[in-house]
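Chemist: Residue numbers (numbering that gives the first Met the number 0), protein chains in the order written: chain A, 0 to 277; chain B, 0 to 228.
Errors might be hidden in some of the hints.
[As the list claims (entries may be wrong)] When the alpha-carbon atoms are kept at most 25 Å apart in a straight line, the in silico SDA-like pairs for lysine to any residue are as follows:
hint, chain 1, residue 1, chain 2, residue 2
1, A, 203, A, 129
2, A, 174, B, 178
3, A, 187, B, 171
4, A, 174, B, 129
5, A, 203, B, 178
6, A, 174, B, 201
7, A, 174, B, 203
8, A, 203, B, 73
9, A, 17, B, 28
10, A, 187, B, 190
[Said to hold, decoys possible] Just so you have them, the derived chain A footprint on chain B, three or more residues with Cβ under 8 Å:
hint, stretch
11, 60-69
12, 176-186
Worth flagging that the hints you see were computed from the coordinates, not collected in a lab.
All residues carry an ideal CB built from backbone N, CA and C; glycine is no exception.
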Amino acid sequence: MAGENGMGGKIVTITSGKGGVGKTTATANIGVALAQLGKRVVLIDADIGLRNLDVVMGLENRIVYNLVDVAEGRCKLRQAMIKHKLLPDLHLIPASQTRDKSAVSQSDMIQVSDWLRPEVDYVLIDSPAGIERGFRNAIAPADEVLIVTNPEVSAVRDADRIIGLLEAAGKGPGKLVLNRIRQDMVSKGEMLSADDVTDILAIKMIGIVPEDQFVVPASNKGVPVVLNEESRAGLAYHNIARRLNGENVPFLPLEEEDGFLRRLTRLFSGGNQLLKQG
Amino acid sequence: MEGQSFAIKGVGESLLIQIDPAVEWTATTGDLAAHLDEQGRFYEGGRIILEVGERPVPKYELTSLKALLERRGLSLWAVLSKSETTRNSTQALDIRTSAGSALAGIVEEQDDEPEASAEDKSGSGGILVRHTIRSGRVVRGEGHVVVYGDINPGAEVIATGDVMVWGHLRGIVHAGANGDEGSVVCALDMAPMQLRIAGLVATSPADNGDAPRPEVALVREGRIQVESW
């Protein structure tokens, strides 16, 4: 069992603060990768009113009931769980497209998670962007939180805000997924490096996903990129799933920075790292 | 605090203003306004809990006090009162209210809304913050503030005294917020978005790529200057 309390599955919320950084893509791919590892996984789309996860998973046309129907008692939990086409142990509970965030409460999310916990190994919750009610609903049941960010100043700023809110809510600090990094731009100093990002956020990195041309067509086709063995992003998501599952997977060479050690050494001598080591 | 007619203290993330029920209302609010003006920006953005005891406060008095606070960047967040009249006035203005000094109920409520006010406040004397202050957080301190961690971009520290950062300073720091130009700011890595000492403002030069080193900022000849520390 993967749960921290030994009572069953682990609830993992994927959030970011800023929109468009790849939360939904990350949720879909980590979910598929965990299912490929033989885990029983349920994905919950908590972005009520702006649902996307069903599209990315290629399950849009199978939706009958959704999360709001479960919360309001119109259907049984089982009826809202859509089985994946290829992976029978992977299910999706879609969001409602016609309602808004107020249709679900924090206690609804905790209740649904508690129902699922004994049945599965992982529940992945795709949080909406922002820091308002939808975000608070999404993190309420979380045992662990993954924060997705891009190597951009604005995305990192929002991730920092989110980490602060997670810490205040007793859910922090979470682990970081750095998405859409381009080594060529980092080398030219045109993009923040993984070190620049962790230097500010000072939380554990669980994965670095390179920019990859396969991701967008995969999302459009509803076949998460992790199913494409040629995709470097797919491999990165696969590694995140293994790390989430407790394996110690070294970071890919492409995920590493040229000056990683050099920079670390510099920071260490800068004094502040001494504090963090202690 | 200032005068006899009221007292201000930090309570959790709010400021509690206790008004002496015996002193005449307009005199009290006048004293309060004068005190707030004297403090400059120190309380700005603060969330006020007003405690008025037995005094019946009619709606027009409460409305004018609310406006007085808002003009100074403060929001009237809750009113504690033993008087039915006051509680009715408060409800009419759509503000939280509670009998007596039942602070606990009101203060606890904010735990459910972490973003309602992202401020850490503390009472008199210096304070030590033993963690990194992240974007969106504001720490206010009467006296000196020592941060044992970083101040990230988008975070803010406001102190009436000095600010010392045992880490990277990348956010906004205001030292000597009551107007004390003798206040200093020091950091192991001085790269603030903006630095204020008393009424002076400075921004960091563009990143020069140098390794971080300890620096101190102080007011010299009417300007903020940064020297190695």
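Chemist: Please go over all the hints and tell whether each is borne out by the structure.
Modeler: A quick look at each hint next to the structure:
1. A:203 with A:129: holds, 22 Å
2. A:174 with B:178: Violated, at about 41 Å.
3. A:187 with B:171: With a Cα-Cα distance of about 29 Å, the restraint between residue 187 of chain A and residue 171 of chain B is violated, given a limit of 25 Å.
4. A:174 with B:129: Roughly 21 Å separates the two Cα atoms, so the pair holds.
5. A:203 with B:178: violated, 41 Å
6. A:174 with B:201: Answer violated: residue 174 of chain A to residue 201 of chain B is near 35 Å, above 25 Å.
7. A:174 with B:203: violated, 31 Å
8. A:203 with B:73: violated, 38 Å
9. A:17 with B:28: violated, 43 Å
10. A:187 with B:190: Roughly 23 Å separates the two Cα atoms, so the pair holds.
11. 60-69: violated (count 0)
12. 176-186: violated (count 0)
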